Amino acid sequence: MVGLATAFGAGGGTSSYTEVEQANVIVMWGSNARNAHPIFFQHVLKAVHGGAKLFAVDPRRSETAQWADLWCGLHVGTDIALANTLAREIIHAGLVNQSFIDRATSGFHEFADSVEEWTLETGSQVTGVPVESIRELAHTYATADKAQICWTLGITEHHNGVDNVLSLINLALLTGHVGRWGSGLSPLRGQNNVQGGGDMGAIPNRMTGFQDIIDADVRAKFDTAWGLTGTDCAIQETYGWHLTQMFEAMGRGDLRAVYVIGENPAQSEADSTHAVKLLKGLDHLVVQDLFLTKTAELADVVLPGSASWCESEGTVTNSERRVQRTRKALNPPGQARDDMAIIIDMANRMGADWDYGDTPMQMAEMIWNELRQLSPMHAGMSYARLEELDGIQWPCPSDDSLEPPFLHGRLWSENPAVLGRPAPFSVVVDDPPVESLTEEFPFRLTTGRRLDSYNTGVQSGSYSSPLRFGETVDVSPEDAVRMGIADGEVVLISSRRGSIEAPARVDDSLRPGLVFMTFHYPEQVDVNQLTIEATDPKSGTAEFKAAAVRIDRIAHTAYPDRQLAAGN
Amino acid sequence: MNMSYHTNMNPTRSRGRKSSSLTRITTPLVRDNGVLREATWDEAMSRAAAGFSQIKADHGKNAIGVFSCSKSTNEMNYIAQKWIRAVIGSNNIDSCNRT
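Chains as they are written, first to last, in the working numbering: chain Y, 1 to 568; chain S, 1001 to 1099.
You can trust all of the hints, since none of them are fake.
Per label pair, the in silico range of CB-to-CB distance:
hint	chain 1	residue 1	chain 2	residue 2	range
1	Y	Leu-492	S	Thr-1040	43 to 51 Å
2	S	Ala-1050	Y	Thr-18	48 to 56 Å
3	Y	Ala-486	S	Ala-1050	52 to 60 Å
4	Y	Gly-334	S	Ser-1046	15 to 23 Å
5	S	Gln-1054	Y	Lys-277	18 to 26 Å
6	Y	Ala-329	S	Ala-1050	32 to 40 Å
7	S	Gln-1054	Y	Leu-389	45 to 53 Å
8	Y	Thr-231	S	Thr-1026	36 to 44 Å
9	S	Thr-1040	Y	Gly-357	22 to 30 Å
10	S	Asp-1042	Y	Pro-38	41 to 49 Å
11	S	Thr-1040	Y	Gly-251	33 to 41 Å
12	Y	Ile-39	S	Gln-1054	42 to 50 Å
13	Y	Pro-512	S	Asn-1033	49 to 57 Å
14	S	Asp-1042	Y	Asp-215	35 to 43 Å
If you're looking for bench data, these hints aren't it; they were derived computationally from the structure.
Since this is a predicted model, take the numbers as computed values, not measurements.
Note that beta-carbon positions come from the ideal geometry of N, C-alpha and C, so glycine has one too.
Please build the complete structure, drawing on both the sequences and the hints.
Structure, rendered in structure tokens:
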């Protein structure tokens, strides 16, 4: 989001799902959507079945790559090198959209100079992708009528994730594949409301509606609406701490109390041993959740909340910026309460005088109508209209008309007043993962999701699945043979931060030197003991995708209860 | 609490592997002498609110932060960020995305 906001001023994917279905070329970059975003992938498949060319850029020959016309199997952390090489090839082959560049962008010449060193040969050498593949991707993308680049955590969960995104945006700016029907840039959000959480201002630098805190007019608007003008609580001009900075502040003793709502940082953070120690050191920890998570076990107070998808009223916003109603079908169990009601109660016990009605429906609609007054991009979305139209994409400033389904159409306007600020190219420098491979730690560990599990397993772990086989460390057939590791053999995986045991699984989608694990089973195998806390200074996202590890054999016996096949 | 509505699992024929077996919390909990015990809503909310007020009084508004939820609704996220900004007075809120 930071990358898209830097380039275009709005932190959201630029296209709609319908446009993805109608694109001629789709580049899935750092995204195994077939597994991790199976619903979105149905839209991709519609395009593929309609004749679209699908490219997969991923270190693994993932399930998504197996659907692709071309797989570009780059080395972990060489995304910028590949993007810059593609950019140079597009420029040198004369495939740029010069009129778009001249009218709607800035910084082209500086950018072109910066990628000049990235010849096909250099790019191939650094990324491991064959010259012909890079050329084919560059030419096919640049000459397509409608082309989409879609990405997910394979791009963002690096120490330089924002630069990775900027390097993809450069490609769209070079070719004019943004701001018009069918072409765009689509980050796939990892949870049902990642987009909405940011849009609502549940981030340290933006108020509701993605309005920047450093803007005095924005602060004044919220101060007035919330009655904070002149009080101790008037909105501070300085950004708050993002997640990683909050952990750092805990370490310094500056952050003393935390209210955790529906999250499990004790298990989801990189270097989780350290995270638990910091959470334990807090003076006051309140956890509001459905389950007694590892984080809740550390809390001073645990508040049982409600499930957003079936026990709550409200809205959520998906990866195409579509706001949709969520309806309450069930009461939360036992004494568990509505999440909004708990927070409102907490506020009023601390001296606020908030009245949002009594029922979850009243609360949700009163809150929604309050924020529609404050957030222009949500202003035209009454609940009635959301019902009537089956969801509405932002921006929706007007009560009686709709905006186009894609963002940044202004960039195609001949009228400079409409066009506004040109979208800047970004000079991005290749910057390999923080942990380089050494003789002692010779394997690159990358992490991700599987189809039938969800993140730390809080929500999915209690369900059984015939597809699930527990945590494994996936290794290439070549490495398995070289090290004499049998499929199913328990091995020791160590990084500079810790060691864990897991059964090996030989996976021919991996190349030598690359190993893969999930973080779905922290109770059994806590992978985030291995991952590195190095974070992106611009977004605070940790480098979950690139740790250096070693693998040692510990026994010759196979895991007795391991099940790879369905059923047992 | 019967949680059967939450699972599509056939209890008589469990297949595949479960990684954990968390059940819903249905009662507020508070920590006493190092141990979490059941409490009334009033007691739990009083403890929670008093704790935040105390920290704010002793260490200032920026000593408090919120981890908000990317699975929850827009309305919940709006009211959570309003709480940290309008009640506490801090911008320390972020959404974590990996739980």
